Amino acid sequence: MNSLFSQEVPLSWYLLLSAALFSLGVVGFLIKRNLITVFMSIELMLNGVNLSFVTFAHQWHAVKGQIFVFFVMMVAAAEAAVGLAIIIAIFRARATLAVDRIDLMKL
Amino acid sequence: MNGYPHLWLIPLLPFAGFLINGILGRRLPKWFVTTVALLAPLAAFGVVLSAASTVYFPFNVTKCGPCGPPNYGWTVVVLPYVENLATWINAAALHIDFSFVLDQLSLVMLLVVTGVGFLIHIYSVGYMHDDEGYARYFSYLNLFLFFMTVLVLAGNALVMFVGWEGVGLASYLLIGFWYQKKSAADAGKKAFIVNRIGDFGFLIGMFLLLANFGTLTFSEIATKLGQDPGWTGGVVTVIALCLLLGATGKSAQLPLYIWLPDAMEGPTPVSALIHAATMVTAGVYMVARTHVLFDHSPFALGVVAIVGAATALFAATIGLVQNDIKRVLAYSTISQLGYMFLACGVAAYSAGIFHLVTHAFFKALLFLAAGSVIHGMGGEQDLRKMGGLWKKLPITFAVTTVGVLAIAGFFPFAGFFSKDAILYAAFLQGPNGKILWFVGVVTALLTSFYMFRLWYLTFLGKSRSPEIHPHESPWSMRGPLVILALLSICGGWIGIERFNGFLAPAVGAKAAEAGNPHLELVLSGVAVGVALLGWLVAHLLYREKSTLPANMAAALPGGYKLLANKYYVDEIYGAMVVKPLFALSKILLGWVVDVGVLGGIAWLLGGIAMLSGAVLQRWQSGNLRSYAAWLAAGAAALLLFLLVPWPTVLASFFGIHFGMAGH
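Protein chains in written order, with our numbering: chain A, 26 to 132; chain B, 6 to 668.
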């Protein structure tokens with residue numbers, strides 16, 4: 026059924042896209058120095074996961090996955106609100122957003 | 006009168022008193038505490054008396070021979086009567102029962118311990134009346150009676166050791182009864198520690214007994230020794246000497262006597278009961294109890310005799326110049342205990358026990374009378390501040406006079422008979438015995454002198470502390486004094502012959518010496534003569550010219566200082582034993598073990614923690630991206646572990662099949 030020529034887009038494509046998004050997020054998280062970019066990378070990872078949730082929900086005709094996506098989006102929104110506030114606070118205090126230099130907790 | 010004596014009741018009753026007063030005493034009304042405290046020894050005394058009444062006494066074994074007990078119409082117990090309470094230790098060849106034995110020896114001791122103990126309990130009611138620790142005091146006193154009766158009744162050395170340690174504990178508790186006073190607490194510790202040295206000897210002796218005889222039961226040891234005449238000297242001597250070391254600790258003999266004078270820090274009735282009448286005689290009792298060992302070792306017996314004679318003389322000389330009324334009596338006790346050891350050393354055990362009994366009477370009397378004086382003087386113990394008390398304390402004066410006459414050995418007081426028996430037995434012991442006898446006579450002279458010195462200084466002459474108004478003690482204190490005074494007069498009238506005959510089955514009858522009534526009379530005359538001489542000297546020194554003693558002390562400053570400082574024995578022990586021990590503790594335990602070993606281990610552990618911390622802290626870089634990288638790496642590793650089909654991969658690599666081998 027899941028052949029390349031069937032009417033529907035195959036499951037694996039969705040999953041590959043999801044994995045690609047997630048990996049982009051991970052790589053961005055690891056290599057970017059700007060805190061806001063790091064933050065956006067996190068959002069990217071979340072959305073990559075969301076995509077796989079939706080995919081499986083559609084595949085198995087189960088609504089749970091979609092519900093979970095709503096939860097993730099809600100938490101992400103809250104996290105963005107709090108996170109951006111923290112970032113602004115850090116910027117005011119340190120006048121920088123480079124993650125390497127926000128190291129006051131270091132021994 | 007029906008049935009056998011219940012020996013287990015004798016220790017148990019005081020123990021019950023100890024528990025009741027010890028646990029609930031502070032919450033109970035005083036009259037109840039008093040009732041319990043007095044009933045316990047009284048009931049124990051009653052049990053001892055009823056046991057004595059069921060016992061058949063062959064007073065003269067030689068006359069009676071093998072004839073059985075007569076039919077009195079009630080149960081007659083033949084001594085020794087053994088009561089096996091329980092099996093205590095049962096391990097392979099080692100079998101030790103918790104057993105009590107009633108024989109002539111333990112019966113005599115029990116009568117003294119519970120009888121005199123009861124009198125001193127009554128006395129204590131008056132003496133300790135206003136003390137805060139009233140219930141605590143009586144619970145300790147009952148505890149002492151419990152352990153002492155266990156010691157006396159013990160059928161084997163281990164049970165005896167239980168009592169032995171227990172009376173040591175009770176002694177420690179009571180010496181340090183007024184523990185707020187540093188000197189009292191120190192004296193308690195000293196008594197306990199010095200006794201440990203003796204107990205070490207007792208323990209080694211027990212181990213040797215087990216190793217050589219395989220039993221600790223006194224009667225079995227006697228049987229084994231009797232069966233094989235080859236048991237002489239050698240190991241028996243070593244065992245006997247080890248036991249003697251234990252006895253010198255408990256009975257305050259040279260070289261372990263030093264704790265007894267300090268033990269006078271305790272309440273005076275305690276000094277009377279524990280440190281004069283009963284506990285300190287435990288060593289003598291132990292030697293008499295294990296006499297078969299000593300009988301098989303002439304050398305050990307000789308050591309006993311020499312230790313006894315030396316202690317008697319040594320302590321008597323110190324007693325001459327002491328100014329504390331209780332210390333005079335303490336040195337006198339050591340000296341009299343020396344007499345008992347001297348008696349044991351010439352194998353006259355019954356004479357030693359006889360002196361033990363009479364000494365319990367008159368020394369308890371003297372201590373209690375001293376307590377009455379101290380009580381009347383409001384706590385004053387210095388002889389130099391007393392004087393002229395005979396008018397103020399007539400009854401105390403009268404009973405002290407009886408006690409002094411008894412200990413000095415005047416006819417017909419108790420001390421005369423027992424001291425005479427010891428000196429006579431020593432005199433008959435060959436040429437060396439003559440030396441022992443001479444030492445004994447000199448000691449008798451000194452004894453008479455220092456006792457009359459005490460008597461004159463305390464009661465006669467003019468009062469040297471007019472500001473103190475002494476008062477006579479209450480009847481609870483005077484009553485026991487009067488009873489003990491009567492016993493001090495009559496206690497010796499039973500006579501050594503009858504006493505000998507009575508104790509013979511327990512301690513063995515000495516081979517009949519060439520008894521010479523004339524010689525005995527002469528020796529008695531000499532003994533009374535030196536006692537009179539001592540009185541005369543004391544009279545001249547302390548009655549006629551009261552400046553003479555000071556002049557004599559000034560004329561012989563070295564000798565006087567030597568005696569007044571007790572031959573510096575405490576100082577010598579301090580320099581020879583205590584200080585090296587402290588130094589050793591400081592260097593070996595303090596520096597090497599504590600700082601070196603224990604401190605080193607602590608530093609090592611701390612160092613490991615710090616070093617590993619220094620290495621591991623690099624991990625905590627504070628760099629957010631490095632944390633994230635580790636997180637990602639961890640997740641990747643987890644995925645790798647979960648997703649890769651390891652068995653298949655490994656199998657394809659190494660050609661090994663896991664699990665499905667039979668494919």
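Read the hints as simulated data drawn from the structure, not as lab findings.
Some hints here could point you the wrong way.
[What the hints assert, rightly or not] What the simulated footprint calls covered on chain A by chain B, stretch by stretch (three residues with Cβ under 8 Å from a Cβ of chain B suffice, anywhere in the stretch; the number is not a length):
id : segment
1  : 68-79
2  : 120-129
[What the hints assert, rightly or not] Pairwise CB distance ranges, derived in the manner of DEER restraints:
id : chain 1 : residue 1 : chain 2 : residue 2 : range
3  : B       : Ser631    : A       : Ile115    : 12 to 22 Å
4  : A       : Val100    : B       : Val602    : 36 to 46 Å
5  : B       : Ser631    : A       : Ile61     : 32 to 42 Å
Quick caveat, the model's predicted, so the values are computed rather than measured.
Where is the CB? At the ideal position from N, CA and C, for every residue including glycine.
Hint check:
1. 68-79: Our answer is that it is violated, as 0 residues pass the Cβ test (under 8 Å) against chain B, missing three.
2. 120-129: Check passed, 5 qualifying residues.
3. B:Ser631 to A:Ile115: 12 to 22 Å: holds (19 Å)
4. A:Val100 to B:Val602: 36 to 46 Å: This hint is violated: roughly 58 Å between Cβ atoms.
5. B:Ser631 to A:Ile61: 32 to 42 Å: Violated, since Ser631 of chain B and Ile61 of chain A (Cβ atoms, about 20 Å apart) do not stay within the stated range.
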